[in-house]
Amino acid sequence: MSEKEQVNLTRRNLLGGTAAAMAGLTIAPGIILVETAQAKPKDQPVTDAVRWGILININNCADDCTGCVDACQEENGWGKGSSDESKSRPDQKAQWIRKVKVTDRETGHAKTLPMMCQHCESPPCVDVCPTGASYKRIDGIVLVDKHICIGCRYCMMACPYKARSFIHETLTDQRSYAPRGQGTVESCTMCVHRVDDDQQPACVEACSSTFNSAMIFGDLNDPESKISKELARHGGVRIRADLGLNPGVRYQGIYG
Amino acid sequence: MKRIQFSEISGYAPGYLLILGITGLLAAMGLGAAYYMEHNGHWVTGMNNEIVWGTPHVFAVFLIVAASGALNVASISSVFQKPIYKPMARLSGLLALALLAGGLLVLVLDLGRPDRLIVAMTYYNFKSIFAWNIYLYTGFFAIVIVYLWTMMERRMNGYTRAAGIAAFVWRLALTTGTGSIFGFIVARQAYDAAIYAPMFIIMSFSFGLAVFLLVLMTIYHGTARKLGDAVLYRLKNLLGVFVAAVMMLVTMYFLTNLYATEHHGISAFILAGDHVYTKLFWVVQIILGSIAPLVILYNPITGTSRVWIAIASMLVIIGGLAQLYVIIIGGQAFPLVLFPGMEVSSTFQDGVVASYSPSLPEILLGLGGIGVALIIVTLAVKVLQFTPESLADADIDPNYSAG
Chain A
1 MSEKEQVNLT RRNLLGGTAA AMAGLTIAPG IILVETAQAK PKDQPVTDAV
51 RWGILININN CADDCTGCVD ACQEENGWGK GSSDESKSRP DQKAQWIRKV
101 KVTDRETGHA KTLPMMCQHC ESPPCVDVCP TGASYKRIDG IVLVDKHICI
151 GCRYCMMACP YKARSFIHET LTDQRSYAPR GQGTVESCTM CVHRVDDDQQ
201 PACVEACSST FNSAMIFGDL NDPESKISKE LARHGGVRIR ADLGLNPGVR
251 YQGIYG
Chain B
1 MKRIQFSEIS GYAPGYLLIL GITGLLAAMG LGAAYYMEHN GHWVTGMNNE
51 IVWGTPHVFA VFLIVAASGA LNVASISSVF QKPIYKPMAR LSGLLALALL
101 AGGLLVLVLD LGRPDRLIVA MTYYNFKSIF AWNIYLYTGF FAIVIVYLWT
151 MMERRMNGYT RAAGIAAFVW RLALTTGTGS IFGFIVARQA YDAAIYAPMF
201 IIMSFSFGLA VFLLVLMTIY HGTARKLGDA VLYRLKNLLG VFVAAVMMLV
251 TMYFLTNLYA TEHHGISAFI LAGDHVYTKL FWVVQIILGS IAPLVILYNP
301 ITGTSRVWIA IASMLVIIGG LAQLYVIIIG GQAFPLVLFP GMEVSSTFQD
351 GVVASYSPSL PEILLGLGGI GVALIIVTLA VKVLQFTPES LADADIDPNY
401 SAG
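Sequence order for the protein chains is A and B.
Under this note's numbering, the residue at position 48 of the first sequence is numbered 48, and the numbers go up by one with no gaps.
Under this note's numbering, the residue at position 333 of the second sequence is numbered 333, and the numbers go up by one with no gaps.
Any given hint could be a false lead.
Each computed BS3-like pair below joins lysine-lysine, with the alpha-carbon atoms no more than 25 Å apart [as the list claims (entries may be wrong)]:
#1 A/K146 x A/K136
#2 A/K226 x A/K42
#3 A/K111 x A/K101
#4 A/K80 x A/K146
#5 B/K127 x A/K136
#6 B/K127 x A/K146
Take a look, some chain B residues computed to stay more than 12 Å from chain A by CB distance [claimed, not checked]:
#7 E153
#8 A193
#9 T302
I should point out that these hints are in silico values taken from the structure, not numbers from a laboratory.
Quick reminder that beta carbons are idealized off the backbone N, C-alpha and C, glycines included.
Could you put the whole structure together from the sequences, leaning on the hints where they help?
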């Protein structure tokens, strides 16, 4: 078992109590009130049996809605969710998730979509990281180990999605489950602390609480999961699919 | 041809002390700037989350590339066995080490967490070209030190050729690795091109030789030692060839990009944009840094003037810095293509040219790297026998004939 898995295992033991609570949500075998993403026993390490993904139907994404961005800031303690980064210029501040407006040059047809770490199957940020601080968990979530990130920013050069942020000043106002630090790089964690606790990422949860419900979180490996069924039924595209990185975040409605 | 006598230079001349003072001041200001940046965080720099590598990286990559090129003279002497270059081989090796040390210092001091250098030395991801480079750089130090040892210790002279060949192969690998830092970036339009590896090799030949020429001429002028025309003209002609070769590879890079519609955006951005990168490319890199030196070096009047040869070398260095500025910062400033064929906009400057202005601490850190490199050379030539007492044609040119 790798060191990282052991760390996760320890945390999972701490979170063990939550598993019992979640078990209460199961009212009969096979029927689950909240679709959690293939809850696994808490004392087991992360496995590659699952691959977490998010499907975003941008036809349902309202232009003026920033619910996912706001929720991420609040959950992970950046932007409006933190009193930090007061010295940094706007282009120096962290951007874990942002709304991007996409306009067809010929028709002028415009839509907005949330853009964040795409949690690639073959992440360029992981390839280029000299120390291995950028890594992909075997369940598909791409993370940065803040303890061994030296702040070289090569991952930011390599990311096709501009999804990573470098911290330009000392931080004090952080969430205990989302550690951040001056001189290191960070990005969307797909709310790994929530996923490991059988919850959905904050952005997905926030989106589903609006009328939009544009985001679905789930296991891409499970053909019976809601996300897989929706992808099978209506398809979905990978941004910069030409790069062959196979992101875990998929979109519907960009080109149509 | 006489036997070559090496000797230390006198360290008490006013000129020597002045150079020591200037390089020392540059190094001190660079270290001060690094402390200021690390103490406050990178918000005090012009770098941001779009231009993540800035002016320090321009200087660092220049120094690293020039380090490999500074070894040209030693390589020609040992690998290609041209005896006229042999007396200068020690200085060539010394300059290579010094430039690499200066470049790496800038690179390390710009890290977000330079205190974690030990992490970079103990955790490796072998798929990362950066990790390979850590080995290429440390290996270069080791091999060139051994190479210098075989040159300076008479009992080891028999191994000079072998060490020289090892150093030659290693330096080609080193610049291949440095160019591939950009060549391997698939995400950005300006990079993701295999031509970066050979282009950086040729750039190293050119920049390194320009620095070597300036250092050589400064030492020999300052110490009133003889530097013959024959060797100087050979070196300046060689510099001209390298400058032309860099231009050829730059032309190929743009021609290839102009052929593919997909790359028209980045080509137009650099070649015909309305911003600093286009001006730097045409005015500084091409006109001042390439065409002007070629005219100076091959014009019969200026090409035989030491002042003009020095000016041409300076121009090659300035052009080289501009070239790296355009490659590194211009390459990042061009917007990422997230949705080919579509326009994008966001609160995080998607779809627009990223803004960047170099800050004083960044410039001082970069100049500090040059200061450290030069102070190493200045001190080393005083304490060890790196420089021949004469490089007069009669003393070193096997084909020399009086009259």
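Checked hints:
At most 25 Å may separate the alpha-carbon atoms for a hinted pair to count; A/K146 and A/K136 meet this at roughly 14 Å. A C-alpha spacing of about 23 Å is found between A/K226 and A/K42, which places the hinted pair at or below 25 Å, so the restraint holds. For the hint pairing A/K111 with A/K101, the CA-to-CA distance comes to about 6 Å; that is within 25 Å, so the pair holds. Taking the CA atoms of A/K80 and A/K146, the gap is near 22 Å; set against the 25 Å cutoff, the hint holds.
Among the hinted pairs, B/K127 with A/K136 is consistent with the structure: their alpha-carbon atoms are about 14 Å apart, no more than 25 Å. At most 25 Å may separate the alpha-carbon atoms for a hinted pair to count; B/K127 and A/K146 meet this at roughly 20 Å. With a cut of 12 Å on Cβ distances, B/E153 stays outside the contact zone with chain A, its closest approach being about 35 Å. For B/A193, the requirement that its beta carbon stay farther than 12 Å from each beta carbon of chain A is met, with the minimum near 14 Å.
Annotated as non-interface, B/T302 keeps its C-beta farther than 12 Å from every C-beta of chain A; the closest such distance is 41 Å.
In the structure shown, no violation is registered for any of the earlier numbered hints.
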